[in-house]
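Construct the complete structure from the given sequences, taking the supplied hints into account.
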Amino acid sequence: MDLEFSPEEIAFRDEVRAFIAESYPQELRGKQDEGDDLTKEDFLSWHRVLAKKGWIAPAWPVEYGGPGWTATQRYIWSEETARADCIRIMPFGITMVGPVIYTFGTAEQKARFLPRILSGEDWWCQGYSEPGAGSDLASLRTRAVLTDDGQHYIVNGQKTWTTMAQHADWGFFLVRTNPDAKQQEGISFLLIDMKTPGITVRPIITLGGEHEVNEVFLEDVKVPVGNRIHEENKGWTCAKFLLAHERAGIAGVAASKRGIEKIRDIAMTEMDGDKPLLADPFYRRKVAELEMDLTALEFTELRTLANEAAGKDAGAAANVLKIKGSEIQQRITELVLEAAGHYGAPYFRGFGEGDNEHPIGPEWANRAAPSYYNMRKTTIYGGSNEVQRNIIAKMVLGL
Amino acid sequence: MDLSFTETQDMLRDTLARFLADTYDFETRKKMLTRPEGRDPGIWKALATDLGILSAPFAEEHGGMGGGAIENMIVMEELGKVIAIEPYLQTAVIGGNALKYAGGAHAEALIPQIIGGDAIFAFAYAEPKGRYDLARIETTARKDGAGYVLNGHKAVVYAAPWATHLLVTARTGGSGADRDGVELFLVDAKAAGVTRRDYPTVDGFMASEVYFENVAVGGDALLPGGLDLIERLVDDATMAVCAEGLGAGRRHHELTLAYTKERKQFGQPIGKFQALQFRLADMMVEVEQIESMVLMGTLKLDLPAAERKAAVSLAKAKVARSLRFIGQNATQTHGGIGITMELAAAHYFKRTTMIEGQFGSADHHLGRYEALTLPA
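These protein sequence lines map, in sequence, to chains A and B. According to my numbering, the stretch in the first sequence is residues -7 to 391, in order. According to my numbering, the stretch in the second sequence is residues 62 to 437, in order.
FYI, nobody ran anything at the bench for these hints, they're computed from the structure. A couple of the hints might just be wrong.
As the list claims (entries may be wrong) - Residues of chain A clear of chain B, computed beta-carbon distances all greater than 10 Å:
| # | residue |
| --- | --- |
| 1 | D34 |
| 2 | G58 |
| 3 | A76 |
| 4 | T98 |
| 5 | E100 |
| 6 | P123 |
| 7 | L138 |
| 8 | Q150 |
| 9 | K174 |
| 10 | V193 |
| 11 | E204 |
| 12 | H222 |
| 13 | K232 |
| 14 | D305 |
| 15 | G336 |
What the hints assert, rightly or not - Partner residues aside, some chain B positions facing chain A, computed with beta carbon under 8 Å:
| # | residue |
| --- | --- |
| 16 | M62 |
| 17 | D63 |
| 18 | G332 |
| 19 | K361 |
| 20 | L435 |
Values in this document were obtained by computation on a predicted structure and should not be read as measured data. Just so it is clear, CB atoms sit at the ideal spot from N, CA and C, and this is done for glycine as well.
Listed below in structure tokens is the structure:
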């Protein structure tokens, strides 16, 4: 066992650092990746740089366009991009549907969709949740009926919480193809062109005032049968596979480490009387506890990567990462909001570029409350933390 | 970066686990507790001579297998799984490390005795008024010719009734909690002037109040390094006890899980109730985090002192908190039977509760972490 990076790994880290310093888009520098502040073009500008370099999909197999990195290299990559405050890469294509397509898709589907996911030409969204199917996802009712000639599905229903659907070219949808089978056995996985007639996307504005999520209505939407991934009624297999992938990345360790660094900076400049906030014994203890729990999370992730590399059963690892990772993300926003004091209250939407007025209070404080509100989502999405506990109890503990 | 065990390390774990499964069932352990000496010395001898386990963390030049902190972590985790009443922590980890760091004649003479199962150590560092502060000690070591004379009272010295050797912290100068003047001495447990009041501990061990009254030792009894050395030894020991906590906490969770599958109320196994399923899942999450912190802290023991201390403190604080969560919830889940001596799981609760405070509570270690890493 050895925590030190090897000389090759150090060389890789330096290469990554130099690449980011040189190639991270100028116009993105200093921009915060929060809420809906970033435009589609913002996201795509960094995506395209990475696509060109061949680094856009760190976890993909080489044959589909991945860089062939080891687990440690992927860890270094996430550390370095967080350290440099790089914006996120949207997960819906790269982390979610891409792996489903290369795992379950036909050769034709792979050739058609994977290169456009890598290049960023197609922006993807996820059609999973429905108004009546949240944690109980398998109860979904969006219906897909095969046409008489067997060439198309006609899809009717409603999806919700569809993140960034307002930008999406394509969506991957879970639809019911057999209403008579057991819930999980009557679901199929369809790729749907979001420009297809019959699709309506309506914004949902969340607590922080952001437009991140949407409702998607499907009314007699005609989808070619060739857009179905895997066999008919085998969609749940794809869904479970994808959820497991989503959870592993959901821990957000590197970003949370960066978040705590920012809290330390804030709490050293914010004064409480004649002392920095960080000298307050109660605030200080909360920072220490957060660092403690994040360290435990980081090493849980490292252990998981090591076990994966050794081909060992991951057990409850993905669920532990989801539960603890999401709680930590929320606690970071709590501490920022607490640090903001009075200046947590002022609310300015779209304040910033092109605006001549100065913001009220410290600049970081403007986002403190909206972030806090926004991040309540982390323990809800990707399988709520209660669902994670159900999964541990049933799948790992055998209860 | 590489987080995999070597084949030798896997073998060490398997060998020890098999031996303990055969020799350390709950009933056998219960009988040990009723023996006057509070343990079965034959097991220690078997660990040494039949299995060669005590050679695991020592260098080949001293007759060891060439291991170190990782091997101690493995052994302590396995001992924790059966809540073994063996002085491995005091002897192989603390005694062994003190000898390794000291080197020279002491190491050459005593490491082979540890490996052979003949030398048993106890670590006399705590004092009645010192709490967890390693420097707040009143025991004195007065220079006397080439040697020293020790006077003082050491508190709750685990394994002292069994020990052949004592490692004793004492002041050669300074006062209060001064760093300067704190030194570590190697003392024969039978030396004239050493007296003990022995007693059992709540977690199944034996310990003593150890009194030093004009105990004369040679100049070479002082193991050079002062408080820096003592802090290093305690950090090594802290991670070893965290590893024991991992083994004990994991088994405690397993025993509780098994109980929820057997115990029926309201016409079904209680594990069918979601309230208990969530509790068992949350306990599992804590076990996983303990394992992560044990690995983290152990792998950082050789870093520069400030980084090492910060890492060990974070690990111990988390392990203490998680063990409390697991222990209390395991007891609650068992209901009435959980608070009786009849139940194996209850004895895990007793040991893990003591591990929480051993070498510093969660509060103590969070405080040390803050002092080391947060400015102001």
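Hints versus structure:
no., hint, result
1, D34, "33 Å, holds"
2, G58, "20 Å, holds"
3, A76, "21 Å, holds"
4, T98, "37 Å, holds"
5, E100, "40 Å, holds"
6, P123, "24 Å, holds"
7, L138, "39 Å, holds"
8, Q150, "29 Å, holds"
9, K174, "21 Å, holds"
10, V193, "36 Å, holds"
11, E204, "28 Å, holds"
12, H222, "30 Å, holds"
13, K232, "18 Å, holds"
14, D305, "13 Å, holds"
15, G336, "22 Å, holds"
16, M62, "5 Å, holds"
17, D63, "5 Å, holds"
18, G332, "4 Å, holds"
19, K361, "7 Å, holds"
20, L435, "6 Å, holds"
In the structure shown, no violation is registered for any of the earlier numbered hints.
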